[in-house]
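K.L.:
Listed below are the residues making up each chain.
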Amino acid sequence: MAEAAQATAVRRVRSRPALWWVGLVVAVGFLAVLPWFMKGFMQTLMARFLIFSIFAMSYNIIFGYGGMLSLGHAAFFGIGGYTVGLLFLHGDITLFWIVAPLTVVFSLAGGAALSFLALRVTGLYFLLITFGLGQLLYSLSWNIRWFNSAGMQGIAAIPFPDMGLPGFAWTNRSFYYFVLVWFVLSYLAINRIAESPFGRGLVGIREGENRMKALGYDVWLFRYLALVVSALFAGWAGMLFAYNNSFVYPVNFSFDYSWLPMLMVILGGAATRIGPIVGALIVVFAEFYVSQLTKERWPLILGILFVAVIMYFRGGIVVALVRLRKRLEG
Amino acid sequence: MDALRVEGLTKYFGGVKVLEDISFEVPAGERLAIIGPNGAGKTTLLNLLNGQLEPTGGSIFFFEQDITRLPTHRRAHIGQARSFQIPSLFTKLTVLENTMLVMHGLERSRLDMVRTAGGYARVADRARSALEDFGLWDKRDEPVGRLAYGDQRRLEINLCMATGPKLLLLDEPTNGLTREEGVAIIDMINGRVGAEVTVLLVAHDMHLIFSVADRVMVLYDGSILACDVCERIRCDDRVREIYMGV
Ligand SMILES: Nc1ncnc2c1ncn2[C@@H]1O[C@H](COP(=O)(O)OP(=O)(O)OP(=O)(O)O)[C@@H](O)[C@H]1O
Ligand SMILES: [Mg+2]
Numbered sequence: 132m133a134e135a136a137q138a139t140a141v142r143r144v145r146s147r148p149a150l151w152w153v154g155l156v157v158a159v160g161f162l163a164v165l166p167w168f169m170k171g172f173m174q175t176l177m178a179r180f181l182i183f184s185i186f187a188m189s190y191n192i193i194f195g196y197g198g199m200l201s202l203g204h205a206a207f208f209g210i211g212g213y214t215v216g217l218l219f220l221h222g223d224i225t226l227f228w229i230v231a232p233l234t235v236v237f238s239l240a241g242g243a244a245l246s247f248l249a250l251r252v253t254g255l256y257f258l259l260i261t262f263g264l265g266q267l268l269y270s271l272s273w274n275i276r277w278f279n280s281a282g283m284q285g286i287a288a289i290p291f292p293d294m295g296l297p298g299f300a301w302t303n304r305s306f307y308y309f310v311l312v313w314f315v316l317s318y319l320a321i322n323r324i325a326e327s328p329f330g331r332g333l334v335g336i337r338e339g340e341n342r343m344k345a346l347g348y349d350v351w352l353f354r355y356l357a358l359v360v361s362a363l364f365a366g367w368a369g370m371l372f373a374y375n376n377s378f379v380y381p382v383n384f385s386f387d388y389s390w391l392p393m394l395m396v397i398l399g400g401a402a403t404r405i406g407p408i409v410g411a412l413i414v415v416f417a418e419f420y421v422s423q424l425t426k427e428r429w430p431l432i433l434g435i436l437f438v439a440v441i442m443y444f445r446g447g448i449v450v451a452l453v454r455l456r457k458r459l460e461g
Numbered sequence: 112m113d114a115l116r117v118e119g120l121t122k123y124f125g126g127v128k129v130l131e132d133i134s135f136e137v138p139a140g141e142r143l144a145i146i147g148p149n150g151a152g153k154t155t156l157l158n159l160l161n162g163q164l165e166p167t168g169g170s171i172f173f174f175e176q177d178i179t180r181l182p183t184h185r186r187a188h189i190g191q192a193r194s195f196q197i198p199s200l201f202t203k204l205t206v207l208e209n210t211m212l213v214m215h216g217l218e219r220s221r222l223d224m225v226r227t228a229g230g231y232a233r234v235a236d237r238a239r240s241a242l243e244d245f246g247l248w249d250k251r252d253e254p255v256g257r258l259a260y261g262d263q264r265r266l267e268i269n270l271c272m273a274t275g276p277k278l279l280l281l282d283e284p285t286n287g288l289t290r291e292e293g294v295a296i297i298d299m300i301n302g303r304v305g306a307e308v309t310v311l312l313v314a315h316d317m318h319l320i321f322s323v324a325d326r327v328m329v330l331y332d333g334s335i336l337a338c339d340v341c342e343r344i345r346c347d348d349r350v351r352e353i354y355m356g357v
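Protein chains in written order, with this note's numbering: chain H, 132 to 461; chain G, 112 to 357.
Please keep in mind that the hints were generated in silico from the structure rather than gathered at the bench.
Note that the coordinates shown come from a computational prediction; the quantities given were computed from them, not determined experimentally.
Just so you know, not all the hints are guaranteed correct.
[Said to hold, decoys possible] Derived lysine-lysine pairs resembling DSS-like cross-links, with alpha carbons at most 30 Å apart:
1. Lys457(H) to Lys277(G)
2. Lys457(H) to Lys203(G)
3. Lys203(G) to Lys250(G)
4. Lys250(G) to Lys277(G)
For reference, chain G alone in the conformation it holds in the complex (with noise of 0.2 Å):
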């Protein structure tokens, strides 16, 4: 079954076509790499698949149900998680506070007023799981914003996959991180994400997707360039001359 089917994407910002009639499928479990030079699109792209924007035209359809129109949070609730380009965590807010706000997002409990978010040990322990697990667990009163860059790059993407998500929407997750720190996130989402996880992961540095990606797409000014298995990419002329300027 494919994760996503997109048909005839369509987005423009007033008169500008942003992205012009995208078509492709992501069947479950595939690793879809997206590349693209500044501007191509990708983020516009991830923006429509999570509802963060409505399309002009076309339709989107994730697991069969027909999404195209179905606000963002619902969106979270049937399986899709993102991080976003830029960093998104809550930077006055701890370690574990942040924790939390993941952890209840897909809780119905996240709508009562009337226990407090540290009583409920199932979430709580979830919680502290997680955050031993990532090894931040002793930063937990620390504020998000004096955790080092790549700590804090590291617990974004760790809380994306911590819900369980069927679909991981990753905006450049390396973005800003040395190529040391970069290799280490490409190895956390290979080893942490199960197989049957759907994985579309925006980036620019094609040698380090080279390792995680089944296929990789590539955008150029609003359209499909190109979508194919790694080699086959790698050897594209018209990749190579337009996106690595060869």
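The shape of chain H in the complex, shown without the other chains (with noise of 0.2 Å):
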């Protein structure tokens, strides 16, 4: 009795508030309506805005809970968008049941093989070498004229997945609401592997690597596996991208898209549950304005973005609005 009372004691110390839930049930809830008052390019951009979230918290665990500096997640995410691409360009296959599965492999298989030779170096040559392999796919992937659709660089005209259901055909709206559904099922996959011993090993390991090995952590396997896990998320953010956006280019590999997710988790703040997905809304929807207004200036107002939230808000928005309300509960 005793006991059991005390191992509650300790689980009520982790559970989530009630709040919690409500918030979450409540911002679901909020995204599900949202579409019906929007025009089928803005649901394009949602969906975009989702489908980034998914990409930024995978980075989320090996760079906020792993402290892994990896400047070549994007290696992770062009595998998924060219698995979708080439099956469509040489096999013709848009059959979703075998896509995903792939997908899958490939996102795991790429992760394991890139992550093993990123992990036989650490600290800057880790950053290096990690930067290498993207750059090093993004370059394939431009010069191999098999990764790419006659007479262009990137696969294009990319369908939506054919779900292999009689009478049912996609539109803008739909195809939303299949990505809010796995980017609510990859928001509480990804918690959930933060808050497991797995995650907390991590973080661990990311406070003080020699200290973690004495209590008899392998932390050479727990980062391995961060980065294998995160690879599979970003690799079906990948495929849900390849499908949203309709075609898949080289520069997918590339440091341009390692560096979004990069930003999307300090901007929003790293090592917290909803850092990735506000950093992402920022960035994509700016992204998106500032395009309108002047295409050429973008990367340049991303650039200032940055630096601005490593000057002044380090630790990110998530962290400085809960201690601005902290500071004004007194």
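Join the two chains, each given in its own frame, into one complex according to the hints.
P.N.:
Pasting the structure below:
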């Protein structure tokens, strides 16, 4: 009896406040009714925001919780996108029930192989090698004709997935809901991982790997598994991106795309639950509106945003808001 | 049986010789204090025993198992626990989070990605009763960095002992503490560590360790100057001259 009481007492320390669940339901409900008040292209933009949220959340696993600064995360995103693109281009395969499992397989295999190479080294060299691996895939996909539609760079005109349902036809709105489902599932799964013993161990390793080794943690294995798991979610995001965007290009592998989730995570708040989502929201919509005004200035504005956050909101917007609330509450 | 048997252990950093041809045995259950002036190689010796460093030469046997090349985390699983000279608790994480990390370290479930860390009744129970034992349960949600330095040190040493290790490697557990706090730590080690547990304890304060140690090893300039029971170390002229500056 006493033991059971103790156990629940400890669990209560960790369990979520009811308010958290209310917040989740309200947020998902809001996202679910939103497309009814939006034009088609806006629904596509919203889907893009949710897809980049998944991409950023996957980066949060390795960078936020694991403290590993990878400059090549887009390698996995590109693997997902090109799985869709190449199956369509060379096999005319669009059946989701084939594409999706293969996306999982290639993301995991790519994650396992590339992460193994990247983790041969640590520190600054990890940064360099991840950068190099991403650029390598970028260069290969650029130069090998097999990776490109005839007469262009990239693979164009990728259709929405064939769900194998007779009489079912996609609209922008229904695809948005499809993405929303994967977004919610990814959010729950990634937060579950973050709060699992594995996720806690990852945080410990971020804070001090020597102590963690002495406590019995296999630091290399933790980092490796974190990279592979995050590759899976990044690849899945890449798959959804290919459908939503209807084409993939070599840049999807490159640093131009690796830096987006990094920016989103830092902007929103590393190692926080909703930080990557807030970051994705800001970056995706800022990109859209800024590009309408002045397309060539977008990278400049992105850079300024980044510098401003590093200088004034280190820890990210979510952390800054939590601090503000605490200050207001006294 | 010997908990530790060290044969010809040697460590160079680049060309610099830090430990040379060290050999000794520690019977199971012994409390061995390691003393020596700054830079004598005490921390380096613990780093070799616990696997933070690889030796340049020699072998280490832990309960007759050759562990010379075994990675640190594997040594933890076969019964070694260590504390560091510099406090190493994660100051940004809470007392409970730090405790859970220690409790999970030796469990298979540490690699579990699905269940939440707090959901493990058994591990959580152990964390709770350990913290209640240390008198820190009420501070469980405080980041460790906000505890008083003495409390941090006490928690760290306590956590070291909490997983039931066979060998404790404590690198200056009283480092940075007041005399009274130091005595309290030593009393804690005396009181809490079972007689079957082997303890290697590095310290500067000779008087402090005489109350806990069965034997004292004096390291000087990378070699063992003397290794004997307390009384004889106290009377050893070389030790008095070199270490105590008498
Ligand atoms: N990683 C390293 N690289 C190079 N030299 C090192 C390294 N670690 C220790 N040393 C050197 O080895 C010698 C022994 O260091 P060690 O830390 O083992 O001494 P110690 O007996 O623990 O001293 P203290 O009482 O100050 O803690 C010192 O001269 C130190 O400068
Ligand atoms: Mg030392």
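K.L.:
With the threshold set at 30 Å, check whether the alpha-carbon distance from Lys250(G) to Lys277(G) stays at or below it.
P.N.:
holds (29 Å)
K.L.:
Please work out if Lys457(H) and Lys203(G) have their alpha carbons no farther apart than 30 Å.
P.N.:
holds (18 Å)
K.L.:
Within 30 Å, alpha carbon to alpha carbon, are Lys457(H) and Lys277(G)?
P.N.:
violated (46 Å)
K.L.:
Do the alpha carbons of Lys203(G) and Lys250(G) lie within 30 Å of each other, as the hint requires?
P.N.:
holds (14 Å)
The earlier numbered hint that this structure contradicts is number 1, and it is the only one.
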